[in-house]
Each structure stands twice: as structure tokens, then as C-alpha cells.
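Participant: These protein sequences, in sequence, are chains A and B. Per the numbering used here, the first sequence runs over residues 1 to 314. Per the numbering used here, the second sequence runs over residues 1 to 308.
Just so you know, the hints here were simulated from the structure itself, not pulled from any lab data. The model shown is predicted, which means the values in this text are computed figures rather than measured ones. You may find that some hints are simply not true.
As the list claims (entries may be wrong) - What the simulated footprint calls covered on chain A by chain B, stretch by stretch (three residues with Cβ under 8 Å from a Cβ of chain B suffice, anywhere in the stretch; the number is not a length):
#1 25 to 35
#2 293 to 302
As the list claims (entries may be wrong) - Covered stretches of chain B, going by a simulated chain A footprint (3 or more residues, C-beta under 8 Å):
#3 86 to 100
#4 238 to 250
#5 272 to 285
Glycine is no exception: its CB is placed at the ideal position from the N, C-alpha and C atoms.
Here is what each chain is made of, one letter per residue.
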Amino acid sequence: MNERARVIALHGGLLALLLAGHFVLPAYHHGNLARIMVLATYAMGYNIVFGYTGLLSLGHSLFFAAGMYGMGLSVQHLGYSAGPALLIGVLSAAVVAAGSGVLALRTRGVAFMIVTLMFAQAGYLTVLYFGEWTRGDEGFVIARGARVLWGIDLSDEGNRYLAALVLFAAAMITCLALVRARFGRTLVAIRENEVRTQMLGYDTFRAKLTAVTISGAISGAAGAAYGLLFGYAGASFAGVEYSILPLLWVLLGGAGTILGPFIGTLFMFYLIDLSSGFTTAYMLIAGVALVLLTLFAPQGIMGEVRRRIWGWLP
Amino acid sequence: MELGPYLMLAMLEGAVMASVLALTAVGLSLVFGVMRVVNIAHGEFFMLGAVLAWVITQMVGGPPAVGFAVALVAAPLIVGAIAVAADMTILKRVDYDPERTIVATIGLLYIIQQLTLMGYGPDARPVEAPFNTRLALPWFEFKEGALAMYWPWGLSTTSYKLAVIGAGAAVLCGVWAMMARTRIGLVMRAVQADRDMALAFGIPVERVYAMVFGIGAALAALAAVLIVPITQAHYLMGADPLLLAFTVVIIGGLGSLPGTVVAAILIGLSDGIISVFFSPTLAKILATLLVALVLVFRPQGLFGTRAV
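My request is simple: use the sequences and hints to build the entire structure.
Facilitator: Have a look at this one:
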């Protein structure tokens, strides 16, 4: 098999496996996996910026929340139906990402990390400040009637799983096409050596800005879908924690790989799920996982797989 | 009450906050300046200081002043020791690589927070101040051409708050003296200026790093012990000081001690005044955006000399 066929077989195989899961999984894991696929979409969006472009952003909750609130608020206050609301969510996330990207990308390294963190914090506080519309920390429930897309009721569990799978597949195909295209190679070049990339004649600022915008749009799509599928929007999704989680998932699964974010999300979700059976200390486990990861597997699960077995992994 | 006394009250509250903030931020700035490490767990060291202050005062018993005095010495030492241990077991092993230390300190944050929750519980608990006399403050005003002094109702502070301001200033002077006048400070500055050259001259850089990380954490813990009689000890209290300390360190210029102190006073006072007269949330939003923009357009901060 040549590389292209292998890549298609591996990623197509995962999607087929997930589709098969719809028919065979018991209800509990069926529900879990739907949630994991939406969160993994968020992690894949994050991975474009962090894994492939090498920018450590701590502000992606801003884009997730922009998607969620762009969708939720237009349903709640403008009475839009699910389709247009979803679109508004993705668009608002892309706009917010482009806007904050223009400013934040003027800095680099530690400063970039802090600036993105601060933008996200300002966003979180803004959600609290306009509590009259957003209902702040308490959040609001998205009415069942509004969660119908093209006649499909997304609050139904089977439909929810399939919708999450469609979102996940779309994001995965987008990312795969992106990183295998010339543009993706440019991003990796920027990650490895930005000065040299610049000297080769690439407009690295524009490339980074495009990456941030696409990443923001995918994160926003995940946020909007999360709101639609699970029927709730709240300020906690805009908090620092939701910026750190995708970082954790991506690192665990392997930064700069397409499957890494999904593997990482799956692993972390079940690690917490299983451990919460006998302890409530899930944060302790997340913390220990982070520390162990930085110490022993800085490339994450799929990163190690790529290093040792499949050198061709995109 | 007129505007003047109000403003003075707000400024006093702001000064208390500024001194605590300065201590926390100087710790963060020291760690960043010398080690080039962004310590996300700094706020948790602050929280640990406050929680330990409660634990220690409960264990010691007796009059509040005794327990508080013990806490004032012991809590920073314990937190410092924890930080040194964290440095030697984790940060040293990732070789102080900027991105990996950030991730590792995020992990540390979760671990400390969860362990505190499990050991100390989710309640916010008060620590009694060693002394807490109410002091009425006079106000001066021109009345019919003459300067008159009177005591407006409500214009008062407590002796403890004044002591916090004094203690903050004293410790900052101590830190400055350590950096500028002692051999330890010299070694630290040498490592800051050129790590490899310092290593070549036989300075045990790794031990200096461990010590700096410990001192930074101890300063945060000290600040927390000072503030805990005014606020309360809670396992989630680390987030705000972390963000504020970041703000201060950035505005002041990463790694610059005088800049950090000036920025702490600026932020403390303005936060005190804005929160009294306007909405605190709005004040925070504006301050956060302002800081982000300072960093975007002047990455070296107000007093910084080199770009990040």
C-alpha cells in the first residue's frame, strides 16, 4: 500500500468503526462516545494551532464559547432555528479568532500564551457581565424545539450520536486535507523554524493567522454543536479550564497528529470516568497525567506510535 | 460623605491589595526572571499559604497573635520546601523547557488543588487577625478660609490593614536588599544574565534554580498569610492572584523587580478605586484587555528592557 492509501484506510477505518459503534454500543458508552466525538472535534481544532503550527494558545475556550453562544444566543433571543444558528456560531468563532489572532500573533512564545489567556479571560468575564442575556454561570437550556436540524431531532440519542459522528468526520477530513496540502506543510515549517520559513518567501504572519482562524472556526463548530446536542450553554465553557482541556487531550494523544486529539480525548474521558467510580479526585488524575506526560512521553500516544512504528502518520 | 473621604478609603483598600499583590508578583517575576519559567502553579502556592495559615493557627491555639506569628514563619517555609521538591522532581527533569514547564505546572496546579480539597475541604475558613483595632481617620477641609480637621463617620481602617501595608513594604525592601546587596543575590543575577557562563564559573545553577523557585513560592505564601485574616482561606482562591500577578508582572516588564512593584501599586490602587465607584466585573474586563494590549504593543512592558 502506498502512503495515501494507508492514510485513507486508517482514518476511514476509524470512522467506520465509530459508525459500527452506533449499532453495537450499550446505551451508556453510546452517550459517552457522542460527547467524546464533539470534544475531540474541539481538540482537533486546537491541534491545528498547537500541534501543527507550534503556537501554544491558552485562549481557545474563547472560540469554543463564541461558537456556543453565537449559536445559543441566536436561538434564545433571535428565535433562529438550528441550521442558521449553527452557522452563526461557526462564523462568530471565526471572526473572534481572526480578530484576536491579528493582535495576539504580534507576540510570540510566552507572551503569546499569556495574551491568548487574557483574551479568553476577558471573554469569560464578558459572558458574566452580560448575565441578563447569557445568564452567567447558571447558563441556559436550549429548548428542545430549537434542537431540530433539517427535520432531525438532535435531542434523540441515536440522532445525537450520528450528528456528532458527522461533525467529527467533517472536522477530521478538513484537518487531514489541510495538513496534507501545501498550506499544512507551511505550518509545520513555521513550527520547526519560523525565521527560515520567512526567508524562503512565505508570509508567515498570514499563514499563522489563517491557521488560527480555521482552528477557531472548528473549535466554534464544536462549541455550537455541543450546545445543540446537549441542550445547554453556560459560562463555565468559557473559563480557563476549557482552554487547558484541549491542550491536555492533544498532548496526551499526540500533538501534530490527526488521530491524536481523538485518542487523547477518549483516553482522558475514560480515565476520569473509570476512576470516578472509586474516587472523586479526577483533577488529581488529570494533574498527575499531565506531569507524567511531560516527563515521560512528551510526544503523546500517537506521537510515540509515529516515532516507533508508523513514520507516515499525518 | 463627600467624594474625598470615599476616595481615601478606596485608596487604603487598594494599598492593602497592592502590597499583597506586589509580594505575589515579585515571587512570580523572580522565577520568570532568573529561570525563564512561567509558573502557572504560582496561585496554588498562594492558596497553600493561606490554607496552611489556617491549619497552623488551629494547631497552635492560644491567643490569635501567637498562632499567627507561627504561621507567618512556618507557612512560607513549608510552601517553599514543597516548591523546591517540585522543582527537583519535575521541572529539572524537563530541563526547564518553556512549553513543557507550562504544561507541568498546570498539572501541578491540579494536583495541589485536588489534594487541598481532599485534605481541607471545600469550605472557606477565616483566620483571626493578631490585632484588629478600628482606627478612625481624620479628614481635612477648608471651611471659611481656615483648615478644619474633623472625623467623618465611616472613614476608618483597622490597625491590621495598616500593618499589612507596612509588612509588604518591609519584605519588598528585604527582597531588593537580597538581590542587590548579598552574595546570593549576585549569584542569582549572574544566572539570570547568562546561565552557561555562570555554570562555567562553577555556580551550581540547578541549586540556584531550586532556591529561586522556593523563594518565589514562599513569597506568594507569605502574601497569602498576610491577607488571610482579611479574606478567608479557600481551596479555589489561587486563580485570582495568579491572573493579577501575571497582569502585574507583564505591565511591569517581565523579570524587572522595580517595574513589578510600580505595576502592583498601579493595579492595586486602580482596582480599589474602580471597584468602589464602578462595576468590579467591568473593571476586570477592561484591566484584562488593557494588559493584553500592553503586551501586544509593548512586549517588554513598562520597565522591561528586552523583548520576550
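Participant: Confirm or reject each hint.
Facilitator: Checked hints:
1. For the region 25 to 35 of chain A, the stated coverage by chain B is violated: 0 residues have a C-beta nearer than 8 Å to a C-beta of that chain, whereas at least 3 were required.
2. With a cut-off of 8 Å between beta carbons, the region 293 to 302 of chain A has 4 residues touching chain B; three or more are needed, and the interface restraint holds.
3. Coverage of the region 86 to 100 of chain B by chain A holds [criterion: at least 3 residues with CB-CB distance below 8 Å; count 6].
4. By the rule of at least three residues with a Cβ nearer than 8 Å to a Cβ of chain A, the coverage given for the region 238 to 250 of chain B holds, with 5 such residues.
5. For the region 272 to 285 of chain B, the stated coverage by chain A is satisfied: 5 residues place a CB nearer than 8 Å to a CB of that chain, which reaches the threshold of 3.
This entry does not satisfy hint 1, going by the numbered hints stated previously; all others are met.
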